[in-house]
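Novice: Residue strings, one per chain:
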Amino acid sequence: MSFDIAVMQAFNGISLFTILLLMSLGLAIVFGLMGVINMAHGELMAMGAYATYLTAKLCEHWLPDWWMAVYLFIAIPVAFAVTFVAGYAIERGLIRFLYNRPLDTLLATWGLSLILQQAYRSIFGAQEVSVPLPGWLAGAWEPTTALQFPLNRLFIIVLTAVVAVAVYGLLYRMRWGLEVRAVMQNRLMGSAVGVNTASVDAMTFALGAGLAGIAGSVFTMVGSTNPGTGQLYIVDAFIVVVFGGVQNLLGTAMSGFTLAEAQTVLESVMSGSMARVSILLLVIVVLYFRPQGLFALRARG
Amino acid sequence: MGAQKLKLEVASGLLVWVLLLGVAPWALDPFRLNLMAKYLAFAFVAIGIVLTWGYGGILSLGQGIFFGLGGYMLAMCLKLEASAPELPDFMVWSSVEQLPLWWEPFRHFGWTLLGIAVLPAALAYLFSYAVFKKRVSGVYFAIVTLALALTLTVLIVGQQGDTGGANGITDFRTLMQMPIVGDGPQRTLYCIEVLVLEAVMGIALFVARSRLGKVLVAISNQEGRVRFSGYNTAHIKASVFALAAFFSALGGAFYTLQVGMIAPSVLGVVASVEMVIFAAVGGRMSVVGAVIGAVLVGFLRSYLSETFPEIWLYFLGALFLIAVLVLPNGLFGLLERCVLLLKRKRAASIPVQEDVRA
Chain U
70 MSFDIAVMQA FNGISLFTIL LLMSLGLAIV FGLMGVINMA HGELMAMGAY ATYLTAKLCE
130 HWLPDWWMAV YLFIAIPVAF AVTFVAGYAI ERGLIRFLYN RPLDTLLATW GLSLILQQAY
190 RSIFGAQEVS VPLPGWLAGA WEPTTALQFP LNRLFIIVLT AVVAVAVYGL LYRMRWGLEV
250 RAVMQNRLMG SAVGVNTASV DAMTFALGAG LAGIAGSVFT MVGSTNPGTG QLYIVDAFIV
310 VVFGGVQNLL GTAMSGFTLA EAQTVLESVM SGSMARVSIL LLVIVVLYFR PQGLFALRAR
370 G
Chain R
14 MGAQKLKLEV ASGLLVWVLL LGVAPWALDP FRLNLMAKYL AFAFVAIGIV LTWGYGGILS
74 LGQGIFFGLG GYMLAMCLKL EASAPELPDF MVWSSVEQLP LWWEPFRHFG WTLLGIAVLP
134 AALAYLFSYA VFKKRVSGVY FAIVTLALAL TLTVLIVGQQ GDTGGANGIT DFRTLMQMPI
194 VGDGPQRTLY CIEVLVLEAV MGIALFVARS RLGKVLVAIS NQEGRVRFSG YNTAHIKASV
254 FALAAFFSAL GGAFYTLQVG MIAPSVLGVV ASVEMVIFAA VGGRMSVVGA VIGAVLVGFL
314 RSYLSETFPE IWLYFLGALF LIAVLVLPNG LFGLLERCVL LLKRKRAASI PVQEDVRA
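So the sequences go chain by chain: U and R. Per our numbering, residue 70 is the first one in the first sequence, and the count goes up by one each step. Per our numbering, residue 14 is the first one in the second sequence, and the count goes up by one each step.
Be careful, since some hints might not be right.
Some but not every residue of chain R turned toward chain U, in silico, with C-beta under 8 Å [unchecked claim]:
(1) TYR153
(2) LEU159
(3) VAL282
Keep in mind the hints are simulated off the structure, nothing from the lab. Note that the Cβ used here is the ideal one computed from N, Cα and C, for glycine as well.
Sequences are here, hints too, so could you generate the full structure?
Specialist: As structure tokens, this is what we get:
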């Protein structure tokens, strides 16, 4: 394998990795930290994508043309805000009645995901929608003739890095993150020392949902959105989180990286569907030997 | 299971039996009867879910795997018979020249039946014993089975030439030279299906009220304590999981017979999760409830998607939410509560009458 091909392979792997990471970060917070199985996570991503689509439409109509070049910088915060609010409402209206019944959160959120899918179908129609890509993200960066790095992929990589650092800072460097981790480790103790656990729960879930919204917004740059989009992502996102070992955001990142690189390497030697089957089987085998996930912290339960 | 509940289960089970075998074949036209047979195929799966999830606390989101295995094995046998002596049509289309080796046993109906009875159950036991031995708990088990269902779908769709791909296996008319399409044969098949379903319900009720059922409930509450008392909990859970897989495979085989085709869409993630809702709506602790749930949800799906195609998904979603939030024990739980209330009222009213007489 020549050097150029190897570099492109690695780039494709990293590109897939950032997408997997964006998909699973919010889920890792909701599932890993809170223990809530949110099957509607994919639909929250779709919600972010639709919010981006609407923002693009509004910008097209109301703002001068040059705004279209930068509408993404409005759309991503809008997607975050919309899904954040939705997540807050879902936690207050549904999830909070189901703590300590994880299997039931799974069923209830699956029901919610069906309702959201149908809502998208009624509002936006069954067909795919896509947003215009700003001119400066079209094209590719070509250092040599054999190397081509699509600009939209590079943008996603940078954005993922920003989001990941922000989440890390929020959870591990700020007082609010300290409260979150305290509540998740020992709810009773947390509330005894004066943390408002109900508010922390709602905000944490909303943050996870907001991250799904950012992911959905970013996905509009690489593909189109339809009402069923969410279901395509949800199983992958769960596999990344479980494979990495829940309760450990760094593990989620490493597991996303491993799976993405493995997928791209396998795809170069076999068909796409067989590569996917091999990855899934690999995950199941690894989980058999390490039920707590590949990168689980060694801690006493 | 208390005596009260058993009485209720048996009484409602008999009622269902009378409705399914005594009323449905005469009251429904052939098209509706065929739909009914399709819903009942899912009832087999739902009964298994009641045992594993309701009693054992093991939620599998991959019951479609075993349903699909049963359905596919029978479909392979039927397809070979329909296309003999040539290769099945989809193999010809993808220019497969020789029958794959693993298709060979399905030339014989006997081997196929044995396969349906043994293979899914054995696979389920081996897989789940290994997993339970490692103490992989509820949520993780659910996600691993979800991943397995996805794997199987991707595999079947990807291996077009060997499996028929996304279109599945279709176009068969006879089973051992006997026709299986048409109103008469389908009515006969329906009756056989109901009889087998009755047997399965009987087995499930027996298991639920036996000591195994009690140990299962104990495991779902405090697995550690049961293990310390000397039970091999992994073996018990895996056995029940295998039994559920066997039921599912039977359901899949009847599905293939009645619908006349099998495709990856009935064993995928979405279908597998829907199978859980059948048990949840009917009542996750009730065998008869599972059958009622499967028929009711199936019927509502047909009715609503025919008359109001837009609201079906809203409805299904709402059903999930209601079943979880308001009716954790499903319709059967509601019935149980009503019966209990009635009894209490009657018991309370007797002393009042005595007072009046005095």
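Novice: Now tell me if each hint is right for this structure.
Specialist: Hint check:
1. Contact between TYR153 (chain R) and chain U, as hinted, is supported at the beta carbon level, the nearest pair being about 6 Å apart and thus within 8 Å.
2. A cut of 8 Å between beta carbons decides the hint on LEU159 (chain R): the least distance to chain U is about 6 Å, and the hint holds.
3. Given the 8 Å rule on beta carbons, the hint for VAL282 (chain R) holds: about 6 Å separates it from the nearest Cβ of chain U.
Checked against the numbered hints given earlier, the structure satisfies every one of them.
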